[in-house]
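Enquirer: Take these sequences, add in the hints, and give me the full structure.
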Amino acid sequence: MSNPYEVLGVKQGASQEEIKKAYYKLVKKYHPDRFQENPLYDLAEQKLAEINEAYDYLTKNSNSSNSVGSNGWNNKSNSSDFYNKVRMNISSGNIVLAEQMLDETDARNAEWFYLKGIIFMKKGWYDQAYSNIQNAVNMDPSNFEYKEALNKMNMSNNSFRGNAAGRGYGAGPDLCTCCQCYCCSELCCDCLGGGC
Amino acid sequence: MFGYILPLKQDLKIKEYELFMAYYCGMCKSMSKRLGQMPRLFLNYDSTFFAILLSSISDEMPEIKGERCIAHQIKKRLVVRKSEIVDYAADINVILTYFSLKDKWNDDKSLVARAGMLSLEHQMTKLKKKYPKKCGIIIGRLGKLSELESIRCDILDKVADCFSELIGEILCYEPLCADKDTEKILRWIGYNIGKWVYIIDAFDDIKQDIKNESYNPILLQYSYDGGDIDEFKKSIKDKIEFNLTYTLSEISKAYELLKTNSNSGIVENIIFMGMLKKTEQILGTGSCIAFE
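Protein chains in written order, with the working numbering: chain A, 1 to 196; chain B, 1 to 292.
Don't read these hints as lab results, they were simulated from the structure.
Certain hints may be false.
[Claimed, not checked] Distance windows between CB atoms, simulated:
{"#": "1", "chain 1": "B", "residue 1": "Ser262", "chain 2": "A", "residue 2": "Tyr24", "range": "24 to 30 Å"}
{"#": "2", "chain 1": "A", "residue 1": "Ser15", "chain 2": "B", "residue 2": "Lys13", "range": "27 to 33 Å"}
{"#": "3", "chain 1": "B", "residue 1": "Lys207", "chain 2": "A", "residue 2": "Lys11", "range": "50 to 56 Å"}
{"#": "4", "chain 1": "B", "residue 1": "Lys76", "chain 2": "A", "residue 2": "Ser91", "range": "37 to 43 Å"}
{"#": "5", "chain 1": "B", "residue 1": "Leu118", "chain 2": "A", "residue 2": "Arg108", "range": "28 to 34 Å"}
{"#": "6", "chain 1": "A", "residue 1": "Ala165", "chain 2": "B", "residue 2": "Ile229", "range": "27 to 33 Å"}
{"#": "7", "chain 1": "B", "residue 1": "Glu60", "chain 2": "A", "residue 2": "Ser80", "range": "48 to 54 Å"}
{"#": "8", "chain 1": "B", "residue 1": "Lys13", "chain 2": "A", "residue 2": "Gly9", "range": "44 to 50 Å"}
{"#": "9", "chain 1": "B", "residue 1": "Ser262", "chain 2": "A", "residue 2": "Gln100", "range": "44 to 50 Å"}
{"#": "10", "chain 1": "A", "residue 1": "Ser91", "chain 2": "B", "residue 2": "Ile70", "range": "41 to 47 Å"}
Source: prediction; values computed, not measured.
Cβ atoms here follow ideal geometry from the backbone N, Cα and C, with glycine treated the same way.
Expert: Structure below.
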């Protein structure tokens with residue numbers, strides 16, 4: 001196990017309060033929900049496990065009920081066998097096979113579009129992913145899973161913008177009106193012309 | 001394709017700005033030392049970003065020194081020296097420039113592009129030998145791309161995929177990829193950077209492509225009917241913005257999984273601010289007005 005203080009990013013001997021605060025911040029950052037439809041899911045999970053281990057160690061709590069668990073992909077009992085198989089392939093990272101299975105069937109129901117969307121997501125084809133999942137929601141508006149996936153895509157953008165704002169993006173006087181000429185030309189000047 | 005990835009200067013710390021420029025100058029010097037004078041003219045900030053991104057997760061301790069050069073005869077500039085990552089990014093800069101010039105020559109028969117291409121021919125022979133695998137993959141992806149262009153593919157994601165994979169391959173700097181997890185993350189960051197660049201470039205070129213009747217997947221995917229260009233751009237703005245912001249959010253999430261050192265301030269500035277600002281500028285959203 002690596003140094004638990006380092007893992008949580010706190011000073012050696014930090015107070016329980018500080019540890020807790022750092023822990024919650026990290027959990028939010030690496031929460032499986034943020035990485036659900038992401039090829040790096042397992043790495044985020046690993047990171048979270050490490051954080052949990054460190055937190056449990058530092059709070060002298062051997063039973064891990066304190067820490068946040070990860071919720072992987074659950075097979076839905078109401079899906080047919082076929083879709084369960086597709087889901088299984090997706091969750092084990094076998095995207096090519098999952099996609100092939102979907103393409104070979106003629107059925108085009110809501111679940112088909114949803115799973116197709118999830119596969120596109122993993123491939124990084126967000127535009128296709130969005131329209132497929134949107135399709136699934138339109139076909140079956142009462143399905144929570146489909147709606148949730150669509151919401152998550154929208155939320156991801158909001159949280160990115162929130163993160164940018166948290167770093168000071170957009171705060172203070174707006175220098176934007178001159179930034180196109182300002183940023184580029186000044187950077188150029190700085191390197192070629194000599195600090196004009 | 002070049003010039004979209006920039007830091008948001010007003011939000012950089014002064015020391016970060018100095019370091020960014022030190023890397024930029026380092027790339028220039030690295031080119032002149034190893035590849036000759038010609039490639040220096042094609043140096044861009046995108047490759048500088050690659051160098052800083054890779055260095056922010058490596059243990060490499062490059063030397064930073066004040067030096068003079070052709071452009072700065074009097075005042076010494078800080079320069080990153082003896083960095084293998086900088087050498088690699090400089091090589092990549094040349095390779096990408098070469099292929100982009102080649103593309104321009106093939107598409108528009110631009111003589112300027114042809115001249116630039118020929119001036120880099122000698123260096124390319126060298127680099128192809130140095131990175132046979134990477135160059136092979138780059139050529140393969142670009143071949144796929146022009147194939148999709150020639151059949152006028154109307155799925156933006158599908159066309160962008162080629163360029164995205166290409167950048168993904170480039171970010172997989174071998175010494176860092178001994179660790180398979182790092183490789184996976186770098187590839188995903190690269191994939192999304194490539195995607196962002198491809199889409200933003202396609203959107204930026206809409207007007208020009210309509211005028212020249214050139215191929216542009218955005219025009220096909222959203223079936224441009226020959227009407228008012230600004231109206232068309234406005235009608236697809238939300239969609240494009242969604243895609244661009246989503247790739248940025250994926251880049252940021254993946255980057256957070258990496259163990260980073262002090263250079264990460266610059267990288268985060270570029271991902272969270274520079275690229276977001278550029279997105280808003282090109283789309284004409286946010287507090288920015290569109291520049292033509």
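Enquirer: For every hint, state whether the structure bears it out.
Expert: Structure-based check of each hint:
no.: 1; hint: Ser262(B) - Tyr24(A): 24 to 30 Å; verdict: holds (26 Å)
no.: 2; hint: Ser15(A) - Lys13(B): 27 to 33 Å; verdict: holds (29 Å)
no.: 3; hint: Lys207(B) - Lys11(A): 50 to 56 Å; verdict: holds (55 Å)
no.: 4; hint: Lys76(B) - Ser91(A): 37 to 43 Å; verdict: violated (56 Å)
no.: 5; hint: Leu118(B) - Arg108(A): 28 to 34 Å; verdict: violated (52 Å)
no.: 6; hint: Ala165(A) - Ile229(B): 27 to 33 Å; verdict: holds (32 Å)
no.: 7; hint: Glu60(B) - Ser80(A): 48 to 54 Å; verdict: holds (53 Å)
no.: 8; hint: Lys13(B) - Gly9(A): 44 to 50 Å; verdict: violated (20 Å)
no.: 9; hint: Ser262(B) - Gln100(A): 44 to 50 Å; verdict: holds (46 Å)
no.: 10; hint: Ser91(A) - Ile70(B): 41 to 47 Å; verdict: violated (57 Å)
When the structure is compared with the earlier hints, violations turn up for hints 4, 5, 8, 10 and for no others.
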